[in-house]
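Protein chains in written order, with our numbering: chain A, 1 to 235; chain B, 236 to 654.
Do not rely on the hints blindly, as some may be mistaken.
Said to hold, decoys possible - Covered stretches of chain B, going by a simulated chain A footprint (3 or more residues, C-beta under 8 Å):
1) 328 to 340
2) 436 to 450
3) 598 to 610
Just so you know, the hints here were simulated from the structure itself, not pulled from any lab data. Every residue, glycine too, gets a C-beta built ideally from N, C-alpha and C.
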Amino acid sequence: MSSALQIVWVYPDLLSTYGDRGNMLILAHRAKLRGIPVDTLEVRSDQALPYGDIYLIGGGEDGPQALAAQRLAADRGLHRAVDRRAVVFAVCAGYQLLGNSFFAKGAKCDGLGLLDLHSDRGPTRAVGELAGDIDPALGLPMLTGFENHGGRTHLGPEVKPLAKVRAGIGNDGATEGAWSGTVIGTYSHGPALSRNPALADLLLRWATGEESLAAPDDTWHTRLRGERLGAVGLV
Amino acid sequence: MTENKLPLRASLAASVSRTAAALSRATGRGDGSVIGGRLGMMIDPDLLAHLAAGRRIALVSGTNGKTTTTRFTAAAVGVLGDVATNSFGANMPTGHTSALARAGATPYAVLEVDEHYLAQVLRATTPLVVALLNLSRDQLDRAKEVAMMAQLWRDALADHPDVHVVANADDPMVVYAAAAHAASGEGKVTWFSAGQRWREDAHVCPACGAHIERDETDADAWRCATGDLARPAPQWTVDESAVIDPEGVRHEVKLQLPGKVNVGNAATALAVAHRFGVSPADAAPKLAEVASVAGRYAQVDRDGRNIRLLLAKNPASWLEAFDMAEEQPTLLSINARDPDGFDTSWLFDVDFAPLRGRQVLITGDRAYDLAVRLQVNDVPFTHVKSFDEAVAAVPPGRLEVIANYTAFQDIRAELDRVV
Chain A
1 MSSALQIVWV YPDLLSTYGD RGNMLILAHR AKLRGIPVDT LEVRSDQALP
51 YGDIYLIGGG EDGPQALAAQ RLAADRGLHR AVDRRAVVFA VCAGYQLLGN
101 SFFAKGAKCD GLGLLDLHSD RGPTRAVGEL AGDIDPALGL PMLTGFENHG
151 GRTHLGPEVK PLAKVRAGIG NDGATEGAWS GTVIGTYSHG PALSRNPALA
201 DLLLRWATGE ESLAAPDDTW HTRLRGERLG AVGLV
Chain B
236 MTENKLPLRA SLAASVSRTA AALSRATGRG DGSVIGGRLG MMIDPDLLAH
286 LAAGRRIALV SGTNGKTTTT RFTAAAVGVL GDVATNSFGA NMPTGHTSAL
336 ARAGATPYAV LEVDEHYLAQ VLRATTPLVV ALLNLSRDQL DRAKEVAMMA
386 QLWRDALADH PDVHVVANAD DPMVVYAAAA HAASGEGKVT WFSAGQRWRE
436 DAHVCPACGA HIERDETDAD AWRCATGDLA RPAPQWTVDE SAVIDPEGVR
486 HEVKLQLPGK VNVGNAATAL AVAHRFGVSP ADAAPKLAEV ASVAGRYAQV
536 DRDGRNIRLL LAKNPASWLE AFDMAEEQPT LLSINARDPD GFDTSWLFDV
586 DFAPLRGRQV LITGDRAYDL AVRLQVNDVP FTHVKSFDEA VAAVPPGRLE
636 VIANYTAFQD IRAELDRVV
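Work the whole structure out from these sequences, hints included.
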């Protein structure tokens, strides 16, 4: 086991539809800015899931999503990681498969049961800007992202919504994403952390146990956030 | 069917189509391809089929390179005579209709086809040859998923057992699309190898879901782990600036267009033209005459700067643009308007590291998305508010401009619609 922070990107061969690599790159970049040594590991779906401090799961098409859920269920590595309070950040298809069940290719599929929620098909595809007020318990500024999914997600009592929707659909038009312990899921797809650097820092703080991290120069992140939140009338 | 033999309704429709296109051009609204075709098809819904009848037609489709390959192919087939072609990139049926109506009676046509419309255009035009270039992620907020697109192509070819297919052996998605056609009879498919730089959409076999395995010793070789699909032996290949034909003869193509990818596009064009009976020796010099394609690769001199325009619409084409661009000051411009797709997530699928060490300027509607991407990529840059500001910020000499679709059109307009 290395002393460097281990960031594991889960199954990029199956779940990497559109810029999902960004979350790994942003976390590694922000860790290095604080002098935290980092190892990034890209783990294919035919490999065993290794030890990690942060696990990232991306979005994907129906077939690969169902296959990823099956392989993660058989591997059990993610379950062990959650038991030892490793950090998990999952987007879109990756978020859905952390729940108890989801729909892919018209069939109900078993999820991993790591978040108390289930997903089904919505009446319309949700495509466009997504924004919401993040759960105050997390102490983060407004969430901004882009969503592109056909699912609707229903939260159980064991999880909290990540955010209350201010623009877009998210889970169901009212809430967006979910979190429990150190596991976060969101419909803000692809490189979600590019617009939400404070969320990236939360994941890093959870993983390192640091109370606070030095503030980097976030000029461009801040301008990007301002522009995107402005585009949906929230600035 | 040549024009004077068209049914009356089709003849009228073709005439209206041409007039509307001419009016559109005259009033400065565009090149007229779309409006002309649309009006013609309102009068005769089968106009495309009527205009296509009796002609020998090649269709060119794929995510990237189709406009350039269409231009090359039209130049190569042009050895035989006039060629009808949609050279303005209007690649849906309205554009095809307009191109054929405008071209008059010539028996040859080379048409660029949007990958989503291939089945429809195959039905309407009954082509001699279809060239399938590549499939990769492109505008995922509305485009079909890559594997689904390959399946649609495969289904479309099943309805046209007689068409000849020229297909890219290096792209597993294209091979899957053409494999059943190839198995349906001897000589149904001509395979070419043009290299595939972008491989992130071909990790998984579209036939069975197993992993695609790459060969450590042969950079182009690939096969599905279960053996469902493997790279076919290509008949046409490239080597540096030469295309090698099925007999093993080298043809130096002295292209004006930059990049290895365009040598691959040249190989495809020569393979398609060969099906029309044009020898590669006769066709190769024609490709060297192509200087720019709808503004792409065009060079414009302004204020002592030699500005070259490169279009890059998706991760695969950005990688090719970095290969083409010289190590000179580079302006990147990103928009996310309707024709571009509204989602900029793909920026994180592109590794901008090749730009380190160059003076990099950024602009466009979505420059901030690009700014964050470059910062994370450790590529220093300067944000400029306009194209003029960019030109003023670089020393005299070459300025490479790499832009996505509407950003490219904006800059082209600034430079007075260079072709």
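*Looking back at the numbered hints, which does the structure fail to meet, lowest number first?*
1
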